[in-house]
Amino acid sequence: MVQFRNAEREIQFKIVYYGPALGGKTTNIEALHEITDPEGASSLTSLKTSEDRTLFFDFLPFELGEIQGYNIRIQIYTVPGQVHYNTTRKVVLSGADGIVFVADSAPNRLQENFTSFENMKSNLLANRMNLDHIPVVIQCNKRDLPGAAPVALILAAMRLEAKAAAEEACALNGEGVVRTFQLVVQRALVSFAQKFQLAKKGVTTEQLETGVTSLFAPFLAAKRGRTPPGAPKVPPLEAKVTLAQPLSEEEQLVAALESSTQLAEQYQETQRLSRMYQARLQEMTVLYELGSALSASGSPEEAMRAVAGRLREARPQWVVSAFVTEDGKPRPLFTDPLPKDPLWSAEAPGIGNMALGLLQSGETARLDRLGERLASVGLQLPIPLDEALAVTMGPQGQSRGHLIVYSPSDKPFVPEDLRFASLIERLISPRLQAIELMAQIAAANERLEQRVVERTAELAAALEKLKELDQLKRAFLNSVSHEMRTPLTNVRSYADLLVRHPEQMEARGAEYLQVILSESMRLEALILDLLSFSKVKEPARGEPCDMAAILDEVVEALRHKADEKYLQLQIQKEKGSLLVPVNKEDAQMLFHQILDNAIKFSPDYLLDDPEKGIYAVRDFGQGFPKDQRELLMEKSQEGKPQVAFFKRPGFGLGLFLVREVLAKYGGAIHIESMEPGSNVLVEFPKRVISEAEAASPA
Amino acid sequence: MVKVNMVRILIVDDDRLLRRIMADGLQAEGAACLEAASGAEALQAAIAHRPDVCLLDQNLPDMDGLAVLAAFVSRPELAAMRVYFLTGSEDENLVSKARSLGACGILRKPCTPLDILRRIERP
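As given, the protein sequences belong to chains Y and R, one line each in that order.
Last residue of the first sequence: 697 (numbering that gives the first Met the number 0), numbering continuous.
Last residue of the second sequence: 122 (numbering that gives the first Met the number 0), numbering continuous.
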């Protein structure tokens, strides 16, 4: 009986080879197997006794091909010819969709042909089957026997009508074997088509017959290499059964029935597993290739393209659409092979929402009756698609994107497809995470490199600063040393002179002692200057201090020095008082030093001019050597003039003190060259600057 | 009281007091002294009087001591004159530059005229 297997989309026919013992049924099947399947892809199961007699039956699965999307499978059985295996014969015959009766052409076997044919009829009846409704092809085998009985005689001996036809064959060398089989298959298909009225569905008997003929065409002319019986070229899967002791008829029957049933079941199971594993293997191959393609992809988009490409290779009927998730919303990337996603339409937001709903429904989600739904909103698809399947890329809740797979109306998704899609989901998620992690690592590396560059620059700047400080320290020490060595030299020289030449004491002693005294005072002043440094280091108190008053004091204190050089000191004020938050001691020292320097280097007279927080000291001396003025005015990075220092000794510690004071308050000094002399401008900020701020001009 | 073999020393310094003290001390020890307050004066005096020794300050109003030394060296008639820097500076660069230009040595302050004479008599 024809079996439909909807899940596998398969129709299964059963063809039984019937006939007298030793008539060549097994040989027919072996020849058929050898001719149609020389590679031995399917296996011929043969259960034989040790005497090479078919014990139960031979069994050969036969894949015919596809008709109307259904795979046609044929199972070929033989029955054992021996008289005492009738129960087996009966069982095997049940459900047959076509019968080949193999008659023996040997003239002495005519009676056996008849007996077997009659036996078949009675077995059919026992199975509630009617010979008139089952296609039967009679084959007269062993036509190559010398003295083979004429076909008409054989048929007559079987009490068949004169018009009955028979195929002639020689199964041993394969002649007529394929043709016999082709005939029975054609008749079985036609019978099936009539029974299920396939003509109404546009399948004619002619189509079926032509289909079968073309399928068999390559084998019709083929002959079998003459293989001696019992030594086939490809040894069939054999189960040799040796009957150790004769079984009773009853026992034999039971054993035969059990075995045949089990064997058939086992075979079916094996076939099912084989098909399943084949499908899995194909799936694994696709997944493996997908894995390789994924590991080569460097971005989520690349990964999606790789997946879509492989999916389309594995399931060419599918339409694959890719979306990438950006700011939590899907953005269409591409649709293969359509120009755009059929659900994602800016013109029809309702449809877009359908896609959105599908995308947001979590893991592998499925949308069926697509055509119907789309038709309800008046949208026609360029390809008739009926189902959509969303595949989420990335871990649940934080997907990086989606693939929507559409299946055409005539090939809906099968459970295997859903499994396949979920496998792809599981495969792509870790890769997408890896891609993301790698991007994060790359970004972190870049940040790290940036940090290294920044820190290197900072360190270089700090080093530069340290070098500068070191240089400053050296210059300071050099200056101090120079300043102290000169008066010391003077004191020692005159003291030494008086000791070595006491006779000069009377004439010039007083003069020498005066120098010794004044030079000691110079040394003392220097030491006081050094002590001032520690005072400058005291923190700014932030109390306002009147600059104008301080200038008055300083000028008064230095007036005698100016008088000595016949210099005139003048103060011009724009305001009566000028309050600036500078420690009084610092301001005094600053102006004292500047004025003292001006007096020291001025042969003429001096002018002092404070205005708007800027205090000017004008001297008419030789002026500042240009390189030193630049040093003093050395620009900071921000372009604000900063007090540097004098490298050149001889200017005393004064300018170091000036520098210290100005640095403490964030002030500045400007020196303008005048002809003659120079104009010194001092600038103080009018608010208190913290020490940290003062230390870094930024 | 001029000795026949007295050393003739040119003192170049813009510090008048220092020049006076050095001259007093050196003369008391028997040397003859000349004074110059600037580089230009020094060159003039050296050419006019051909002193045996020149005590040179690094910091002069018109040019620095090294420039004065270079000017001396460029004059063949001053080849016999020994030039010493008299300075309180710790600058090591000055020492090597002065040496390479042909100075005989650096006299570091504090030093008395007697110290100076001892150095220049044993060059």
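It is worth saying that the hints were derived from the structure and are not from the lab.
Owing to the predicted nature of the structure, the values given are computational and were not obtained by experimental measurement.
Don't take each hint at face value.
[Stated by the list, open to error] Computed cross-link-like contacts, DSS-like style, restricted to lysine-lysine with a CA-CA straight-line distance of at most 30 Å:
hint: 1; chain 1: Y; residue 1: Lys-466; chain 2: Y; residue 2: Lys-339
hint: 2; chain 1: Y; residue 1: Lys-339; chain 2: Y; residue 2: Lys-410
hint: 3; chain 1: Y; residue 1: Lys-339; chain 2: R; residue 2: Lys-96
hint: 4; chain 1: Y; residue 1: Lys-534; chain 2: Y; residue 2: Lys-339
hint: 5; chain 1: Y; residue 1: Lys-472; chain 2: Y; residue 2: Lys-328
hint: 6; chain 1: R; residue 1: Lys-96; chain 2: Y; residue 2: Lys-472
hint: 7; chain 1: Y; residue 1: Lys-464; chain 2: R; residue 2: Lys-96
hint: 8; chain 1: Y; residue 1: Lys-534; chain 2: Y; residue 2: Lys-560
hint: 9; chain 1: Y; residue 1: Lys-328; chain 2: Y; residue 2: Lys-339
For each hint, the structure was consulted:
Taken as a hint, the Y/Lys-466 and Y/Lys-339 pair is broken in the structure, with Cα atoms around 67 Å apart against an allowance of 30 Å. The hinted pair formed by Y/Lys-339 and Y/Lys-410 meets the criterion: a straight-line CA distance of about 21 Å does not exceed 30 Å. Taking the CA atoms of Y/Lys-339 and R/Lys-96, the gap is near 84 Å; set against the 30 Å cutoff, the hint is violated. The straight-line distance between the Cα atoms of Y/Lys-534 and Y/Lys-339 is roughly 81 Å, outside the 30 Å bound, and the hint therefore fails.
Straight-line distance between C-alpha atoms of Y/Lys-472 and Y/Lys-328 comes to about 64 Å, which puts the hinted pair past the 30 Å bound. Using a Cα cut-off of 30 Å, the hinted pair R/Lys-96 and Y/Lys-472 holds, with the two alpha carbons roughly 22 Å apart. Among the hinted pairs, Y/Lys-464 with R/Lys-96 is consistent with the structure: their alpha-carbon atoms are about 28 Å apart, no more than 30 Å. Of the supplied pair hints, the one linking Y/Lys-534 and Y/Lys-560 holds, its CA atoms being roughly 25 Å apart against a limit of 30 Å.
Our distance criterion of 30 Å between C-alpha atoms is met by Y/Lys-328 and Y/Lys-339, whose separation comes to about 17 Å.
Consistency note: the structure conflicts with the earlier hints numbered 1, 3, 4, 5.
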